[in-house]
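Taking the hints into account, I'd like the entire structure generated from these sequences.
Chains as they are written, first to last, in the working numbering: chain P, 21 to 167; chain U, 396 to 748.
If you're looking for bench data, these hints aren't it; they were derived computationally from the structure. Each hint should be verified, as a subset may be incorrect.
What the hints assert, rightly or not - Here are the simulated lysine-lysine pairs, PhoX-like style, with alpha carbons at most 25 Å apart: (1) U:656 x U:419; (2) U:656 x P:86; (3) U:656 x P:83; (4) U:620 x U:455; (5) P:86 x P:123; (6) U:656 x U:455.
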Amino acid sequence: MEGNKTNSRRGFLNVLLGGTLATFFGMVIYPVIRLMEPPKLPEADISSVAVGKITDLKPDQSKLFKFGRQPGLLIRTSEGEFKAFIATCTHLDCTVQYRSDMKIIWCACHNGQYDLNGLNVAGPPPRPLTPLEVHIKDDAIFVSPKA
Amino acid sequence: MRGLINWLAERYQIDQLLSFAKKKDVPIHKEFVWYYFGGIALFLFIIQVFTGILLLLYYKPGADTAFESVQFIVTKVKYGWLIRSIHSWSANLMVLAAFIHMFSNLFARTYRKPRELTWISGMFLFFLSMGFGFSGYLLPWNELAFFATKVGTDIAGAVPIIGEYMLVFLRGGQDVTGGTLSRFFGFHVAVLPGIFTLFLAAHLAIIQFQGMSTPLHLEGKIKRKMPFFPNFMLRDLVVWIGVLNVVALLAVFFPWELGVKADAFQAAPAGIKPEWYFMFMFQTLKFLPAEVFFIEGELVGIGGFSLAGILVVLLPFIDRKSSRGIKHPLVTILGVLAVLFIIAMTIVGYTIE
Numbered sequence: 021m022e023g024n025k026t027n028s029r030r031g032f033l034n035v036l037l038g039g040t041l042a043t044f045f046g047m048v049i050y051p052v053i054r055l056m057e058p059p060k061l062p063e064a065d066i067s068s069v070a071v072g073k074i075t076d077l078k079p080d081q082s083k084l085f086k087f088g089r090q091p092g093l094l095i096r097t098s099e100g101e102f103k104a105f106i107a108t109c110t111h112l113d114c115t116v117q118y119r120s121d122m123k124i125i126w127c128a129c130h131n132g133q134y135d136l137n138g139l140n141v142a143g144p145p146p147r148p149l150t151p152l153e154v155h156i157k158d159d160a161i162f163v164s165p166k167a
Numbered sequence: 396m397r398g399l400i401n402w403l404a405e406r407y408q409i410d411q412l413l414s415f416a417k418k419k420d421v422p423i424h425k426e427f428v429w430y431y432f433g434g435i436a437l438f439l440f441i442i443q444v445f446t447g448i449l450l451l452l453y454y455k456p457g458a459d460t461a462f463e464s465v466q467f468i469v470t471k472v473k474y475g476w477l478i479r480s481i482h483s484w485s486a487n488l489m490v491l492a493a494f495i496h497m498f499s500n501l502f503a504r505t506y507r508k509p510r511e512l513t514w515i516s517g518m519f520l521f522f523l524s525m526g527f528g529f530s531g532y533l534l535p536w537n538e539l540a541f542f543a544t545k546v547g548t549d550i551a552g553a554v555p556i557i558g559e560y561m562l563v564f565l566r567g568g569q570d571v572t573g574g575t576l577s578r579f580f581g582f583h584v585a586v587l588p589g590i591f592t593l594f595l596a597a598h599l600a601i602i603q604f605q606g607m608s609t610p611l612h613l614e615g616k617i618k619r620k621m622p623f624f625p626n627f628m629l630r631d632l633v634v635w636i637g638v639l640n641v642v643a644l645l646a647v648f649f650p651w652e653l654g655v656k657a658d659a660f661q662a663a664p665a666g667i668k669p670e671w672y673f674m675f676m677f678q679t680l681k682f683l684p685a686e687v688f689f690i691e692g693e694l695v696g697i698g699g700f701s702l703a704g705i706l707v708v709l710l711p712f713i714d715r716k717s718s719r720g721i722k723h724p725l726v727t728i729l730g731v732l733a734v735l736f737i738i739a740m741t742i743v744g745y746t747i748e
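Now the structure itself:
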């Protein structure tokens with residue numbers, strides 16, 4: 021009887037102590053975990069980016085440009101048509117390039133290949149490239165997200 | 396010297412420490428040579444600590460300063476080129492020594508009872524070494540490292556459920572930026588060394604308590620033993636001097652390249668490569684098609700390597716026969732296949748475009 025009493029008292033104290041410790045631990049660890057998660061920086065919605073003049077690119081040439089925080093790829097095909105994509109390979113995030121010798125968009129990291137419509141045609145990429153819209157005003161080239 | 400020892404012995408129980416140090420014996424047999432590789436990895440780790448601290452005197456993390464500071468170290472700082480080159484070479488040789496140490500123990504089944512925890516702590520040290528390599532590779536902030544880090548962290552991001560969190564945690568955001576560099580720097584010089592030291596202390600303490608192991612197939616055939624302290628330790632030291640010479644020769648005659656500064660808005664250059672010990676995994680990912688049985692090829696690769704890693708860590712509990720003195724041929728076969736696969740894929744990675 022006496023023993024039970026102390027046991028339950030001790031048990032109660034243990035629960036109280038354990039609970040306090042757990043709460044305390046939680047209070048310490050929570051801000052630590054939250055700190056490790058980088059804050060989301062506000063991202064300006066990109067409506068349109070000026071990429072240069074038509075005369076900058078001859079047919080069969082390409083250039084990389086900044087599209088917000090991502091790289092964009094502008095290609096002038098041999099027929100003279102302009103095409104633009106987000107230049108991030110859908111496989112493992114490398115930056116792709118235009119290969120005029122093969123008439124494809126190529127990723128050097130794992131030999132991923134896309135055709136000039138951004139379709140993944142060979143190698144490991146699982147999805148097509150994200151296409152962008154090209155507008156030409158006078159002789160200036162503007163690129164914007166596809167609606 | 397004797398006076399100092401006596402002075403200490405009067406105050407502390409030095410004799411106990413000495414007898415603990417002398418407790419360990421090294422069995423003498425025809426496969427004796429493999430005992431050296433753990434010590435070699437340890438010695439190379441010590442070199443890493445010293446050269447790493449020296450590099451810290453001049454290195455400046457940050458997207459605008461990292462490349463320039465390493466350039467400064469290798470061109471302006473006296474012997475900076477040497478220390479940096481030794482740090483890189485020694486890191487690579489350390490991983491190589493760890494590979495050899497691991498596989499020699501695997502084939503000898505030394506992970507069997509009662510040394511399960513020695514094996515597991517060793518495997519953790521091995522993974523931590525790879526973490527050191529991966530985080531350290533980015534620090535010079537050159538083009539190859541930048542894209543290798545993009546690929547490596549993107550692979551982590553492909554893991555189901557926790558992938559996205561891991562990617563953001565590793566990169567310090569959605570992209571590889573100066574923020575990633577800060578994090579990797581912190582991991583490389585503070586977090587990993589701290590954890591590594593704990594595991595290393597445990598690994599060495601367990602070995603000291605239990606003594607050196609004997610390969611399974613030689614058990615019961617050991618006729619002679621050699622005290623670890625001082626006999627084997629002196630042999631270790633001779634080997635270490637040899638290793639130091641090799642490191643110095645490599646560092647002087649094949650100085651580590653710095654490459655071109657990273658630029659987030661340049662196309663990935665042809666021939667981007669991870670460190671050689673990641674090459675076999677990188678190359679395997681290259682060979683996997685976009686889809687394998689309706690699962691993304693990448694995921695199949697990551698899943699396969701993760702599963703293999705877990706199985707190897709748990710090997711002492713999977714291969715229970717070894718504890719009963721039976722050498723299961725499957726372990727040897729899979730081990731040989733793994734070695735061949737790693738070597739073949741590494742060679743392919745360096746030779747095929």
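Given the hint that residue 656 (chain U) pairs with residue 419 (chain U), does the C-alpha gap stay at or below 25 Å? With a Cα-Cα distance of about 50 Å, the restraint between residue 656 (chain U) and residue 419 (chain U) is violated, given a limit of 25 Å.
Given the hint that residue 620 (chain U) pairs with residue 455 (chain U), test it: the Cα-Cα distance must not exceed 25 Å. violated, 50 Å
25 Å limit on alpha-carbon distance, applied to hinted pair residue 86 (chain P) and residue 123 (chain P): At roughly 23 Å apart (the allowed maximum being 25 Å), residue 123 (chain P) and residue 86 (chain P) satisfy the hint.
Is it true that the CA of residue 656 (chain U) sits at most 25 Å from the CA of residue 455 (chain U)? With Cα atoms ~14 Å apart, residue 656 (chain U) and residue 455 (chain U) stay inside 25 Å; holds.
Does the alpha-carbon distance linking residue 656 (chain U) and residue 83 (chain P) stay inside the 25 Å limit? Measuring from Cα to Cα gives roughly 19 Å; hence the hint holds.
Next pair to validate is residue 656 (chain U) with residue 86 (chain P); report whether the Cα-Cα distance is within 25 Å. Cα-Cα ~18 Å, so holds.
Figure legend: structure checked against the earlier numbered hints; hints not met, in rising order: 1, 4.
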